[in-house]
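Modelling step: build the complete structure from the supplied sequences, incorporating the hints.
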Amino acid sequence: MPKSPPTSRLELLQGTLDLIILQTLRWGPLHGYGIAQMIRAASRYALRVDAGSLYPALHRLERQRVIAATWQTSDRKQRVRIYRLTAKGRRRLVAERSRWDRLTEAIAGILAHPVERDA
Amino acid sequence: MMAWWPFRRPSRSALLAEELRSHLEMDEADRVARGETPRQAATNARRDFGNVGLVQELTRDMWAAIWIDRLWQDTKIGLRALWRTPAFTVIAVLCLALGIGANAAVFSWMEGLLFRPYPGVASQDRLVAIAGTVKGMPGYTSLSWPDFRDLERLSAGFSAFVADKITGATITGRDRADRLVGELVSANYFPALGIPLARGRGFLAGEDVGNGTHPVVVISYAMWRDRFALDPRVVGRTIDLNGVPLVIVGVASRRFAGTFVGYAMQFWVPASMQAAFTGTYELDDRSAPWIEGYAVLAPGVSRAAAQASITVAAARLAQTFPDVERGRAIRVLPLWETPFNAARELAPMLRVAVVVVLFVLLVACANVANLLLVRSVARRHEMAVRLAIGAGRARLLRQLVTEALLLGAIATVVGLAIAFACRNALSLFFAPRSGASIVLNSNFDWRVLTLSLGVGLVFTLVFALVPALRASDIDVTGALKAVAPSLAGGQRGARLRSAMVMLQVAMSFVLLVGGGLLFVSLQHMRNIDPGFALDRTYTTYVNLLAARYDSTRARLYADRLVTSLDGLAGARGVGLSTSRPLDPGAPYESVPIEVDGYRHAADETPTARSTSITPGYFAALGIRLVRGRDFRRTDSDTTLPVSIVSETMAARFWPGADPVGKRLRAGARWTRVIGVARDIRFESLLDPPAPLFYVPLSQNFAPGFSAFINSPRPLAEVGPAVSRAIRSLDPSLAAYNVLPMRDVAQRSTSPQRIAVTLIGICGALAVLLAAIGLYGAMSYVVSQSTRELGLRMALGAVPAAVLRLVVRRGLSVTTAGLVAGAAAALGTTRLLGDLLYGVSPRDPGAFVAALLVMLGTTLAACLVPGVRAARTDIVKALRV
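In order, the protein sequence lines correspond to chains R and Z.
Reading the first sequence from the start, the letters are residues 173 to 291 in this note's numbering.
Reading the second sequence from the start, the letters are residues 14 to 893 in this note's numbering.
A couple of the hints might just be wrong.
[Said to hold, decoys possible] Here's a subset of chain R near chain Z, in silico, CB distances under 10 Å, partners left out:
| hint | residue |
| --- | --- |
| 1 | Ala208 |
| 2 | Pro228 |
| 3 | Arg235 |
| 4 | Ala241 |
| 5 | Gln250 |
Rather than coming from a laboratory, the hints here were simulated on the basis of the structure.
Glycine residues also receive a C-beta, built at the ideal position from the N, C-alpha and C atoms.
Shown next as C-alpha cells:
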C-alpha cells in the first residue's frame, strides 16, 4: 500500500468516519466512489478516506441497518452499488451530530486558552 | 479452479469485487476527463485505492456471518490441500484413526461394561450393587433374602432395593429341551429399575412372597421374537421352565437384556419361584446367601451417605441375629465394582487399556506432527506467496489449524468405524460356557461419541499447532527467493522432529515393558499347578432338577451315570461334584463349621468351602490324598457321615495335629474326617487355596452336578461319547457342552489374556509408528546434510564411517527417548496391579527386553538412510 505523505493531509479522528459518511449521505443516495469524492471536496481536500477504511465502514453500517444498499446502473452504463440513509440512519445521524457538537465545544473550550509559545 | 468441488455459493465476494472495480473505473474515468492519459489514470487510480485484495479482506471482516464464510473457505482450501497430497493424507488419517479408534473402542467398552452396562434401565446412573463381606474371608458374598429385605427396611437414602440372582433353566415342551439363562428377581424389579415392557406387565407387589405360589414369567424381547415370532397374544401363554409351567405376564423392552454383565438374559421370574430353579426354597432362611442385590440411590444421596446408612442397618441386624451375622459387613459398590458378574474381572484390564490406548494415540499424534512438519517445509513457498499477497499470519495459522482439524475429524470418523467394528471383540476371549453365549457389549452412546471426538480433535490440534506455528512464521523474501528450505529453518524443524521421535520412543518403550511384564505373568499363570490335572480331564454338567427328578430317581441316575461313564473307552476315572474348580458358574458353597478344640474370635464365624463328590472324583481330577482314605460307595445316607479336608483346612483348624478321625461340624451335621486331600485352587488360579472340605454326594445330595472324566482320548472323541452316555440314560435331559478342564481354567485368566493381547497389539503398533518416525527423522537429517557428508567423504571418510555417523545420530535421539521411557515405565507399570502374577512391576528382564527391541528398531530405522548417506555422490553433493 502506498504510504500517504505524512503532513499534507489530516488523519481522520477515531470514530468520526461513520458520522462523516452518514452526513454525506444526507444529501442523497451515493456510491462508494462518490462518497469518497464528496468527503474530499467537502473538506476542501484536507481529508482523504482510504478505500481500506471506507468500504469496511460502509459494509459495517449496512449491517447495522443505518444505511441500505442497492445495485443500480449509472449514467455511464455501469453497475454501481448505491448507499442511502435509512430511517434508523437519520436518527443515528442526529444523535452522532449532537455528540460531535458537544465534543468539539468541549475541546474548543480547552483550547481557548492561548498557547504558550516556546522560546 | 475447483471443478471437482460441486457446491458454489452465489458469491458475495464477487459482488464486493465488482463494487470495488466500479470504484476504480469511475476514478479512472474522472482522471481521463481531467486530462490524464488512460494509462496514467489507471496507474494513479490503482495507487490511490491501495491493495484491492486487502480492502476486500477488511470489508469482508465486517460481514456478520464472516466466520462461517471463512471456515467454509478454510475448509475448502484445506480439503483441496489434503486432496492434493493423497499419500500424506492417507498415512496421517490412518495413524490418527488407529489411535483414536483404539481410544473410542476402550471408551465404549467401559461405558458398555462398567458405567452404563444395562441398556434400557432408566435409573442406571443411581444404581449401586449391594454385597456382603465376612470378616477373615476375602471377596464379597451374596445376601440372604431376609437380610436383604431387612436392610431395605432399616436403611435410608435408597429409593429401592432390587434382589437379583442369575439362574439357568431348561425349557421343555417342544420336541427338544433347550438351555436358557434368566434371573430370579424381587417383584419391584421392573418398576424400580425403570424398565419399560413391550407387552403385558412386570411383577405385582407380593409376587415375590411364598414358595412357588406365583408361577409367572416375563420373557425377553429376543425370546418373544425367536420362540413366539412376535405373537401379539403371547401374554397369557404358558412355558415350561425346569418342568414348571409358568404364565407369561409380560415381554421386556427390546433394549433390555437383564442386569448381569456377561450374559443376555432370556427370562425373569419372581423370587418366590426359587425352588424350581435352585432346588431349594430359601426365602425364609437367613443363613442362605444367594441374592446378588442392587439398590437405587434416592435422588441427591451420595454413595458414601448410603454406605453410612446401610452400615448402621447392618450393625442392628448383627445385634439381632448374632449367630448368622457375626463378622458380616454390607458394602455399597458402584456398578463397575459389581462383584457378581464379569465387570469385576474386566475392570482392572480396562483401566490398563485406557492408559495403553492413550499412549498409542500419543505415538500416532507425534508421527502426524512429524508428517506435518515435513509438509510445512514443502509448503513454505505456498505460504510465502499467500503472505505476500496480503494474507495475515493469523489467517495462515487458522488455515493450517483448520487443515489439522479436518484431518482429526476424518480420522475420528474412521477411528469410530474401526472401534464399532471391534465392539464385540472382547467376547472372543471368553470360551463360551455351556448353554448361554457370552455377551460383552460396548455401548456407543453420545458420551462415548463426544469423548472420542473431543480426544481426537484436541490431540490433533495440540500436535498440529507446533508445526503450524512454525510453518506460518516465514521470512517472506527468503522463502520466495529460494524454493528449497533454508538450512536454519530446517535445523529448527529437525529439533522438533527429534523431540517427537523421542516422545514416540519413550511411549513405545513403556508399552513394550508393560507387554513384556504381562507376557511373563501369563507364562507364570500357565505354569501354576492348580492341584488338579488340567490335561486329559473333561467336564460337563448334568441338571436333574430341570427334568423334575425326585431325590430317589436322581440318586439312581447319578449311580448309573458314573457306571456308564466308567465304561467308556479310555476312561480312567469318573467322578461327580456339585461344584467345578475355577468355574464361577458352579461355585463352592460357603458353610459355617465347628471343630473340637478350635477357638474362634468373638466376631468370627468359622466357615469353610465345601462340595459334594462321588468316590471317583479325586482320581478323575488327579487330586492326591495325603492321608487317610477316599470315600467309598458304601458311604451312604445310612452310614456314619464322613468328610475329607484339604491341607490348608487341616493346617488352619487342626494346627500341628492329624485331623483324620477328628470331628467336623458342617452346617447342622457332625461328620468324621477320614482323609486329607491336596490343596487345589478352585476359586481363582491366582489366589492361594482357601480351606475346603468334601462330603460324599450320597450323604449330601443335590440334583445338579458336574461330571469329570479322565481320558487320554481327544475332545472330539470324548465329547460326543459323554453326551451320548448322558442322553442314553434319559433323552429328555438338556445337553451341556463337554469342556476340557484346561478351557475352564483358561477362562479364569481371560482378563490377563485380553490385557496381553491388547498391550501386545498396541505395543507393536507403537513400535512400528516409532520406527516410521525415526526413519523419517533420519532420512530428513541425511537429506539435509548431503553437503556435510560429501565433504567428509571428500576428506577421506569411508562409507562405513558415514553409516556409523548416521546410526550414532539416530541412537542419540533414541537414547534420550529410552531414558524418558524407562523413567515413565518405572512410574506406570504399577498400574498393572493385579494383572501381574509372579513378576515385579520393575522386573529387569522386561526392561532389558524392551531396550533390546527398541535398539534393534533404531538400527533398522537408521539403516536405509544410513546406507543412502554412505552412497552420497561426492561430486554432486559438493556442487549443490
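Here is how each hint holds up against the structure:
no.: 1; hint: Ala208; in the structure: 8 Å, holds
no.: 2; hint: Pro228; in the structure: 5 Å, holds
no.: 3; hint: Arg235; in the structure: 5 Å, holds
no.: 4; hint: Ala241; in the structure: 9 Å, holds
no.: 5; hint: Gln250; in the structure: 6 Å, holds
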